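Under our numbering, the first residue of the sequence shown carries the number 576, and numbering increases by one thereafter.
Derived from the structure by calculation, the hints contain no laboratory data. All values reported here derive from a predicted model rather than from experimental measurement. Not one of these hints is a red herring.
Computed beta-carbon distance windows for the label pairs:
id : residue 1 : residue 2 : range
1  : Asn587    : Cys608    : 28 to 36 Å
2  : Gln577    : Val606    : 42 to 50 Å
3  : Gln577    : Arg605    : 38 to 46 Å
4  : Asp579    : Thr609    : 43 to 51 Å
We put the beta carbon where it would ideally sit given N, CA and C, even for glycine.
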Amino acid sequence: MQRDEAFGKLRNQSQVDYRLSSFAIFIGLRVRCTDKTD
576 MQRDEAFGKL RNQSQVDYRL SSFAIFIGLR VRCTDKTD
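Model the full structure from these sequences, guided by the hints.
So this is what it looks like as structure tokens:
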């Protein structure tokens, strides 16, 4: 039972990391695009 709980925490953490990384990539792409137009 404790192992399942730890696994759930780990899975949630990786989901958050995935969201943060995709958000960072999105921001990077937008910054790069605005730099190109300017």
